[in-house]
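Student: Given next are the chains, with one letter for each unit.
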Amino acid sequence: MKEIIKVYDLKKWFPVRLGFFESLLTRKHLFVRAVDGIEFDVVQGEIFALVGESGSGKTTTGRLLMKLIEPTGGKILFEGKDVTKMTAEDTKIFRRKVQIIFQDPYESLNPRMTIFNIIAEPLRVLGLAGDERGLSERVFNALEDVRLIPPDEFLPRYPHELSGGQRQRVATGRALVLNPEFIVADEPVSMLDASIRAEVLNIMFELRKKYDVSFLYITHDIALARHICERMAVMYLGKIMEKGDVEKIVNEPLHPYTRALMAAVPSPDPEAKRIEVTLKGEIPSPINPPSGCRFHTRCPEYIGDVCRKQEPQLTKVGENHFVACHLYPSANDLKLRKS
Amino acid sequence: MALLDVQNLVTYYKILRGYVKAVENVSFSIEKGESLGLAGESGCGKTTIALSLLRILPPGGQIVGGRILFENFDLTKLDEYELREKIRWKRIAIVFQGAMNALNPVYRVIDQITEAITTHEPDVSKDEAQERAGKLFELVGIESSRVSSYPHEFSGGMRQRAMIAMALACNPKLLIADEPGTALDVIVQAQVLKLLKEIKQKLGLAMILITHDLSIITETCERSAIMYAGKIVEIGDVYSLFKEPMHPYTQGLISAFPDVKAPRQEMIWIPGLPPDLLSPPTGCRFHPRCNYAMPICKKKEPPLTEIRKDHYTACYLIHQK
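Protein sequences appear in the order of chains X and C. Under the numbering used here, the letters of the first sequence match residues 85 to 423, in that order. Under the numbering used here, the letters of the second sequence match residues 4 to 324, in that order.
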């Protein structure tokens, strides 16, 4: 099992701009701590899901991995090389090997370019286009891969002539035309209707097998993540709360936040247990995140000062299952508690 | 007698290229205190039904046929004055989609609610209206100290609550909620759904819940109607409808929703696209995407037929079993 991406203690703090008078009054610099020290890895060929509510830092993480923004601290290793310290030459290779699919296909495709040009653009930019015939062939194959068939019919069209699902398939084709090794998919189906979501996802993941691509799948939908990925990490306010095998997390969520999240997901089965609301309020501001455990202000299982003062570390509680919570100090302790 | 009885409602939008047949021959009824979930993909006409009920269709939209009976009124026949005096807000209120942006950013939330009250009930004084707004805020779970905030000081969930409070300002009998959970996070959405359920019970409201998310309907409604391309294809008791869906479209839609609690399974989708409503397919509008399509499906439209107690479906397959 080769890790394609490894992330150590990754941080991204965005400075908050203050007004003139405010900056006279406060000496402090304020930061939005979008991502605040997270660690995970993506193994070759797998789909790793990053699950969280809005404001949890999942999209920022995706952008950091793509080198679209520079981290404030920490390391990102792509195939053993530190992404933040790459030379211009290495960056160019890196750009070819990693790609991104954005959330909104109504905004991520240039409305004034034809489908042909949209898909050919990355090849041209990176100087891989070759001659005209080679280029057309690659674009043609890319469209066939995402099942926009017959490709000839789609090549001269513009994005506004396509439906949402078709557009998202064009975005997928554009990401795959470079033969990347790693793709960040940032909520690729959240804007689509339920009846076509599965179609787009299936195309995406069939191509994963065909080209041996690894995915970081960013989503707010834990139910969807559960059905498509092998491992996941649950984020809250810039921190990973729970990480590991999907089946383990879904069947036996240990962190109180994961439990609350699971309890709040509505189920289409009329016989299923109805949703429970165990949390009050909403996610706090990442400018002044709560001290200690970031979840302690809303936690239904708050156990006292330790939650407020000390930040829990991500600890192993089982095979491929990590939790950052003071309820689970270590694996041994958990065994004791269970017996 | 049912509180609301919609009979063969037909609503078209006139555009340059002809008429978009957004809602065609839709009938359903709602009893007092009952909640109906209206589900379907985008463009299937669910919001158009809500707008038709209040007669607030955008320019070009018109009710072409059918009747909407509410209490003693036929809403399709009332004039603007009567609608405003008697129906809108006082008897039927709506919480619009995208509540985040439905509040006016330059007025305090309380002023927006009191404005709604004093406009529709001129004999209520401003102080009384403000007192009532405070009580409404309590009802929807916002601290009364926050009433004089501006919308930007509220979080998404609080804005949605404020919108619900505003809809309840004149004690309506029917509340229409258009996509109340969309654009909210899972936990906040669960909070809002719970609130809607509580309010419904406390005030004995009838409710129409419009959503594309079937799981929201099973959480909150007793009955549900599934729409496809401007028509109701299946309607009935939520339990029966979701446990044993009969229409191929309903079956496809239900299996397209991943269930976090069910065992992991292959994801299923419905091939093809919804039809262009300028010239919808003949016969059953679903036949081009249907796996079970028969020759008759192209020619004749299947009627809504009762297959079980309070469970109607419009599909010829029911005769085959």
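Derived from the structure by calculation, the hints contain no laboratory data. In this text, all values refer to a predicted model and were calculated from it rather than measured experimentally. All residues carry an ideal CB built from backbone N, CA and C; glycine is no exception. Heads up, some of the hints might be wrong.
[Stated by the list, open to error] Not everything, but these chain C residues come out facing chain X in the computed CB check (under 7 Å):
(1) Asp188
(2) Leu198
(3) Thr221
(4) Pro261
[To be verified] Part of the chain C face toward chain X, derived, beta carbon under 8 Å:
(5) Ala193
(6) Lys197
(7) Lys246
(8) Gly255
(9) Ala259
(10) Arg267
(11) Leu276
(12) Leu280
(13) Leu281
Student: Are any of the numbered hints broken by this structure? If so, which, sorted upward?
Tutor: 2, 12, 13
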